[in-house]
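Residue numbers (this note's numbering), protein chains in the order written: chain S, 978 to 1186; chain U, 90 to 308.
If you're looking for bench data, these hints aren't it; they were derived computationally from the structure.
For every residue, glycine included, the Cβ atom is placed at its ideal position computed from N, Cα and C.
A portion of the hints provided could be inaccurate.
Unchecked claim - Computed, partial: chain U to chain S, Cβ under 10 Å: (1) Arg-127; (2) His-150; (3) Arg-186; (4) Pro-218; (5) Ala-219; (6) Phe-221; (7) Arg-239; (8) Val-248; (9) Ala-263; (10) Gly-267; (11) Glu-270; (12) Asp-271.
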Amino acid sequence: MTAHDHNHNHEDGSTLSEMDLRVRALERILTDKGYVEPAALDRIIEAYETRVGPHIGARVIAKAWSDASFKQSLLEDASKAVGTLAEVGRVGEHLVAVENTPQRHNMVVCTLCSCYPWDVLGLPPTWYKSFAYRSRAVKEPRAVLADFGITLPASTEIRVWDSTAETRFLVVPMRPAGTDGWSEARLAKLVTRDSMIGTGLPKNPGEVA
Amino acid sequence: MDGVHDMGGMDGFGTVEPEPNEPVFHAAWESRVLAMNRAMGATGAWNIDMSRYAREMLPPHVYLNASYYQRWLLGMEQLLREKGLVEADEFAAGRARHPGMPLKRGVLKADEFDRVMTRGSFTRPAQAPARFEVGDRVRAKNIHPKSHTRLPRYVRGHVGIVERIQGCHVFPDAVVSGRGEDPQWLYTVCFDAAELWGADADPTVKVSIEAFEPYLEHV
């Protein structure tokens, strides 16, 4: 095969990796045996790629920043409170919202696997599932925050939540100063995924339009 | 089991490397593995605890060398083999050679995919009153179950404070051992870093776990 042929094949997508081949074979087996319907798999993937993601959590946080009674409901029973938001709809049970304050910063990890509030944040990023994060978050959270470029005051309590059961944690970051009178939609633009895991902070007001 | 998956507090894995603008999947096969896992879970072939345990059972060198979705694939293949849903000759041939087995809840249809997008409920009626109250000092038992457990090693033998009672939930240890759901009270138990990591630990750090009642004892 010439180099040209090889490139041509690659561009056609006909050069498949070992993993592609193995997974395709498994899907064919499961489909032929009547265990999975490929169209259902397509719908699940499409939902994760287009519908479910941190924008959902950002709306929840923006609402909590704007509406004190919603924030209180969120901290009391997050699954129930989030379920009342028409623009979000039903989420799974056992969601727990934990609030950052000037005295306390919350951070979420799953040391045993990859538990994550995926119905409000989407699928977890690779770093969340990495051995480095899973091993270090509970032992040296300040050093982990430094990997994200975050330095908190030495007096701030760092509270790490290890998601070892079916409870799922959503961090409510502090509302940035200089955002008085902002609409919820505008506030939501400040809320990053990492700020809802506790490895980041919201954006500065100057960073969004 | 005291496996490599129980990573809390281990050293040597390097720095955490966030990836700016990370895509949802890094390859198409990852998305198929995720979706197949969800779809097979929906058929009732196994539950979430069994799929976690299958990944934990991977030999340490395999676990540590595989990517996240590779571990999911290997765990799923193992469950399919164990449950007799796919036979060895089928894996070898890469195609079905025997008729499918009946599925508890049937195949997940495209128009009902939404039911795997919302997390299920693990709350169950209590079998007995909760033994611990908020504020109680409790010790995580020094136990080393050979099978699946959600009690991480780094808290075993250490004393913490019950901070929240999270209701009564399906007990993963029982499910995986074939003892049914055996619902147990679930507590948020908070530990000072010094209790877990010694006198040199950062005095501003506290760590909590979600602990099922059988993991705990009064101090």
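Going down the list of hints, with the structure as the test:
1. Arg-127: holds, 6 Å
2. His-150: violated, 14 Å
3. Arg-186: At 9 Å from the nearest chain S Cβ, Arg-186/U passes the 10 Å test, so the hint holds.
4. Pro-218: violated, 20 Å
5. Ala-219: This interface hint is violated because 15 Å lies over the 10 Å limit.
6. Phe-221: Status violated, d = 15 Å.
7. Arg-239: OK, holds: Arg-239/U within 10 Å of chain S, min 5 Å.
8. Val-248: For Val-248/U, the interface hint is violated, since the closest Cβ of chain S sits about 16 Å away, which is over 10 Å.
9. Ala-263: Because about 13 Å separates Ala-263/U from the closest Cβ in chain S, which is outside the 10 Å limit, the hint is violated.
10. Gly-267: violated, 20 Å
11. Glu-270: violated, 12 Å
12. Asp-271: Violated, about 14 Å.
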